[in-house]
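If you want the building blocks of each chain, they are given just below.
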Amino acid sequence: MVYRGVETVRVLLAVSDPGTKKTARELLLQRGYAISGEADNASDALRKCRTQSVEMVVMDNELEGGRISQVAMILEEDAVAPVLILASNADSGIKDFNYILKPVTATNLIPAIESTLSNYRKRISLMKEVERLQEQIATRRAVDIAKGKLMLSQGMNEEQAHRFLQKTSMDKGMPLRAVAETVIAFNKNINEGRV
Amino acid sequence: MMNNDLKREVMEKAREHGVRFIRLQFTDLLGQLKNVAIPISQLEKALAGELMFDGSSIEGFVRIEESDMYLIPDPTTFVIFPWRSPNMDVARLICDVYDKENRPFEGCPRLALQRVAKEAEEMGFIMNVGPEAEFFLFLQDESGKATTRTHDQASYFDLGPVDLAENARRDMVLTLEDMGYEVEASHHEVAPGQHEIDFKYDSALNTADKIQTFKLVVKSIAQRHGLHATFMPKPVAGINGSGMHCHQSLTTLDGENAFYDPADPDGLSAIARYYIGGIIKHARAISAVTNPVVNSYKRLVPGFEAPVYVAWSQANRSCLVRVPAKRGASTRIEVRNPDPACNPYLAIAAMMAAGLDGIKNKIEAPAPVDRNIYHMSLQERQELGILSLPGSLAEAMEELSKDEVIKAALGPHIYNKLVEAKKVEWDRYRCSVHQWELNEYLSVF
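So the sequences go chain by chain: A and C. Residue 27 in my numbering is what sits at position 27 of the first sequence, and the numbering runs on without skipping anything. Residue 142 in my numbering is what sits at position 142 of the second sequence, and the numbering runs on without skipping anything.
Hint data in this document are derived by calculation from the structure and do not stem from the laboratory. Hints may contain errors.
One-sided excerpt, in silico: chain A residues whose CB lies under 8 Å from chain C [unchecked claim]:
hint: 1; residue: D17
hint: 2; residue: R67
hint: 3; residue: I74
Below, a list of computed lysine to aspartate or glutamate pairs in the DMTMM-like style, where the Cα atoms sit at most 25 Å apart [to be verified]:
hint: 4; chain 1: C; residue 1: K215; chain 2: C; residue 2: E184
hint: 5; chain 1: A; residue 1: K188; chain 2: C; residue 2: E9
hint: 6; chain 1: C; residue 1: K200; chain 2: A; residue 2: E181
hint: 7; chain 1: C; residue 1: K45; chain 2: C; residue 2: D68
hint: 8; chain 1: C; residue 1: K145; chain 2: A; residue 2: E62
hint: 9; chain 1: A; residue 1: K188; chain 2: C; residue 2: D254
Derived CB-CB ranges, DEER-like [as the list claims (entries may be wrong)]:
hint: 10; chain 1: C; residue 1: N102; chain 2: A; residue 2: K172; range: 49 to 59 Å
hint: 11; chain 1: C; residue 1: R20; chain 2: A; residue 2: D78; range: 17 to 27 Å
hint: 12; chain 1: C; residue 1: E12; chain 2: A; residue 2: E129; range: 23 to 33 Å
hint: 13; chain 1: C; residue 1: E380; chain 2: A; residue 2: N189; range: 49 to 59 Å
hint: 14; chain 1: A; residue 1: I190; chain 2: C; residue 2: G180; range: 17 to 27 Å
hint: 15; chain 1: A; residue 1: N189; chain 2: C; residue 2: R170; range: 31 to 41 Å
hint: 16; chain 1: A; residue 1: T107; chain 2: C; residue 2: I239; range: 45 to 55 Å
hint: 17; chain 1: C; residue 1: E380; chain 2: A; residue 2: K188; range: 41 to 51 Å
hint: 18; chain 1: C; residue 1: T76; chain 2: A; residue 2: M151; range: 27 to 37 Å
Backbone N, C-alpha and C fix where the C-beta goes; we use that ideal spot for every residue, glycine too.
Take these sequences, add in the hints, and give me the full structure.
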């Protein structure tokens, strides 16, 4: 029976061992996954992840060229794609990543891929949220400092200073944070006698 | 700003960004970037210049008995590495090296450059340099080792719709921008797999610092894309090598471009002409520093856009020195022989010292050569007094040994260590049997 999911996920298969590769390929295709490509060694895997639209990487810990945990780390840090490692033992290097122990079977591979994918999506959306909040905090902080500078140097009250920053931002089509940082930098130069 | 304010700012930034490790960086004689990693708890001590390291293992540094050295961080060089490492923010500080009596160590290339820059300042000038470093992106093989195969030669199906190197280069540019670089241009170069990234000019010291960081960024990002980046001057025979043209100019202490003279028909000041005169005079000796490896001289051959002859021109790209058309604040000269294997501190120090010598001693630049020198005969070149750049590292070292100005710019310690290291390098090259010899002779004799 061919199972078709709602979406087709494109998987890069980075496995050197022919037996493991064949099993994994068949299981993935049966379950409606697409194989976007196959890589025979670690740096080939990195290159293919970067150039093909890969949505999931299944990587053998015994892949030639070594450094599997390093490759997984890079793919994770750069948010390229989620990685599932096929390991022969749970050594310390791969414990930080999603992994299953070989041999690969339908019962261990497919659920692991599904949970890896779903956790990855959750992580990405959390990362975006964190970035948004960090940006918000940085903007608030810059605006507060800039307001202080304007109140001190231009004799504005807080409301006027706030309005000034907002208006400049809108007039110039510049983000509020950039306006605030410009005001801060300008004041710093004045204080150091550079303007 | 006071040094103490700067140090406090560094401490604050490190804390604010959750930095956990600091890499104290310095450059050895041969231009290799070295690191001592310290945890954040040691930062205050490091900033106070109290951290020692064992210098005896560093190329060209010291003898065993004087191995204790101090690293004195330059607080203006504090940068947090932008590569995303969850929970592990790492920052760096570039350092000068001091000896155990806390005196500036004469084997420190960064201090050598500062010495020459100080001399320039006493003459009323600040040197600006804008480098154009070229590099190759090669594929790594099955075992992760570098090859000389480029992705351009990889088969179509090997790669997807995205250009791998293009992608990697974009990542490099973004990373450099995150680190405060103003990237001015980034493009594929003439040879397959060859790339160039140019960033905005800065003072001599800042540019040398930036070149070192630039190389680190290019190499690290390439590796993250399954590629190997190399700054080797001529990795593949028969195609263009990688250079690092250095645009340079002097500004006066009040910020005016000292190379510009609106009254001159060419818009070039006497200072600019003397500077060019100095570069031309010392070019053959400078090469030992700007083109410091055996392989450098395989790039300096006719036919591949690399300079071979010691001459200057306003347009001609076959010359050692070209004067780009821009005038006003952008008036500058472009020295075309340096390659990215050089130690940027020493290379810039040598070029600056040559230019300053030209100004001090009013060395007249020869007449510009606007014809393509590659097409001239030996006799024509001799009549015009056009010399060639050294043909080998040995010849360049020989030239350096006769040039007291460039030797003084390096300082005796660095000069002697350089001679020692280069002699060994040349001997090893001379004594090995190369593939070319086997191809040429094995079956013939």
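For each hint, the structure was consulted:
1. D17: violated, 14 Å
2. R67: holds, 6 Å
3. I74: holds, 5 Å
4. C:K215 - C:E184: Roughly 16 Å separates the two Cα atoms, so the pair holds.
5. A:K188 - C:E9: Holds - the C-alpha atoms of E9 of chain C and K188 of chain A are around 14 Å apart, at most 25 Å.
6. C:K200 - A:E181: holds, 22 Å
7. C:K45 - C:D68: Given that 25 Å is the threshold and the Cα spacing comes to 16 Å, the pair holds.
8. C:K145 - A:E62: holds, 17 Å
9. A:K188 - C:D254: Measuring from Cα to Cα gives roughly 21 Å; hence the hint holds.
10. C:N102 - A:K172: 49 to 59 Å: holds, 50 Å
11. C:R20 - A:D78: 17 to 27 Å: holds, 20 Å
12. C:E12 - A:E129: 23 to 33 Å: holds, 26 Å
13. C:E380 - A:N189: 49 to 59 Å: holds, 56 Å
14. A:I190 - C:G180: 17 to 27 Å: This hint holds: roughly 22 Å between Cβ atoms.
15. A:N189 - C:R170: 31 to 41 Å: Holds: the Cβ-Cβ distance is about 33 Å, inside 31 to 41 Å.
16. A:T107 - C:I239: 45 to 55 Å: holds, 53 Å
17. C:E380 - A:K188: 41 to 51 Å: Distance hint for E380 of chain C, K188 of chain A is violated at roughly 59 Å.
18. C:T76 - A:M151: 27 to 37 Å: Because 30 Å falls inside the window, the suggested range holds.
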